[in-house]
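Chain by chain, the residues run as shown.
2 protein chains.
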Amino acid sequence: MIQMIVVGALKESYLREGQQYFLDEISKREDVELIELEDEKVPETASEKELTMIRQIEGQKILSKVNRLNTMIAMDIDGKSMTKDKWSNLFEQHRTQKKGMTFIIGGSVGLSDEVKQRANFRVSFSRLTFPHQLFRLMLLEQIADAIL
Amino acid sequence: MIQMIVVGALKESYLREGQQYFLDEISKREDVELIELEDEKVPETASEKELTMIRQIEGQKILSKVNRLNTMIAMDIDGKSMTKDKWSNLFEQHRTQKKGMTFIIGGSVGLSDEVKQRANFRVSFSRLTFPHQLFRLMLLEQIADAIL
Chain A
1 MIQMIVVGAL KESYLREGQQ YFLDEISKRE DVELIELEDE KVPETASEKE
51 LTMIRQIEGQ KILSKVNRLN TMIAMDIDGK SMTKDKWSNL FEQHRTQKKG
101 MTFIIGGSVG LSDEVKQRAN FRVSFSRLTF PHQLFRLMLL EQIADAIL
Chain B
1 MIQMIVVGAL KESYLREGQQ YFLDEISKRE DVELIELEDE KVPETASEKE
51 LTMIRQIEGQ KILSKVNRLN TMIAMDIDGK SMTKDKWSNL FEQHRTQKKG
101 MTFIIGGSVG LSDEVKQRAN FRVSFSRLTF PHQLFRLMLL EQIADAIL
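Going down the list, the sequences are from chains A and B. Take 1 as the starting number for the first sequence in UniProt numbering and just add one per residue. Take 1 as the starting number for the second sequence in UniProt numbering and just add one per residue.
If you are wondering where the hints come from, they were derived from the structure by calculation, not from laboratory data. Please read all numbers here as calculations on a predicted model, not as lab measurements. A portion of the hints provided could be inaccurate.
Identical chains share a label here; the pair holds if one copy fits it or two copies do between them.
Below 27 Å or equal to it, Euclidean Cα-Cα: the simulated DSS-like pairs (lysine-lysine) are [claimed, not checked]:
#, residue 1, residue 2
1, Lys-116, Lys-84
2, Lys-41, Lys-84
3, Lys-65, Lys-80
4, Lys-49, Lys-84
5, Lys-99, Lys-49
6, Lys-84, Lys-11
7, Lys-28, Lys-11
8, Lys-116, Lys-65
9, Lys-80, Lys-99
10, Lys-98, Lys-11
11, Lys-84, Lys-98
12, Lys-80, Lys-98
13, Lys-61, Lys-84
14, Lys-86, Lys-41
15, Lys-65, Lys-49
16, Lys-61, Lys-116
17, Lys-41, Lys-80
The following block holds chain A by itself, in its conformation from the complex (with noise of 0.2 Å):
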């Protein structure tokens, strides 16, 4: 069982459309939850401490919508760098162990540091910042790689 938990809705429909495309071909071999949290109202002039309060907020919502009998992988710039065999063997892994797998993409300001502490790993893709718009198909993209 894959869960994916986002916050932010994806606004281009091109990115909608993709999204659809591969969680449907996600859920030919498994099944596969997508929960999108609203985001929190951004100020343009926001302070550090705006910001971190933010960050916790989307992080309360996102930490209550974990399934907590799976494996809590989040998505960090600063994660673990994931090459093509650390993530088959991840994937692999659960599959051994019958264990579901919720990934988490946090919104335009991050992750909190809560759920970055209460994650069993914290995975980097790219040590580039993507828009967590565009993230959200690449993850998708490698998961459905990874099981198909």
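Dock chain B against the given chain A, drawing on the hints supplied.
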């Protein structure tokens, strides 16, 4: 002037829409040219020798299209790993020198050695491999982000 040379057509409509979205964004600031080359048919049972030949044929087509005034940047998983800073600096340098940039994404069998050797830079976004079609969006997004 940004030139992008890619091998193979985008099959999914969401990818074509996404591509157009980013091309529109980029063209607000800079001339941009996308050259989509037809990919060679890859037999399912292709030997390593046949794959090398396909890469060479596609490589020749790519090299014939490169704008010779431009810096040639090949996207290559074994290339130099990019951070946001290195990526921005690359564009900043070219802006200062008023020099164009040609980005190259190979087809499903990758780039020929000749293309890699002729390139001025070989750049890697991730140690994971993404399908070259989705990767096109990732590159377009990073170009748009760097020049806007």
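If you test the structure against every hint from before, which numbers come out violated? 5, 10, 13, 14 and 17
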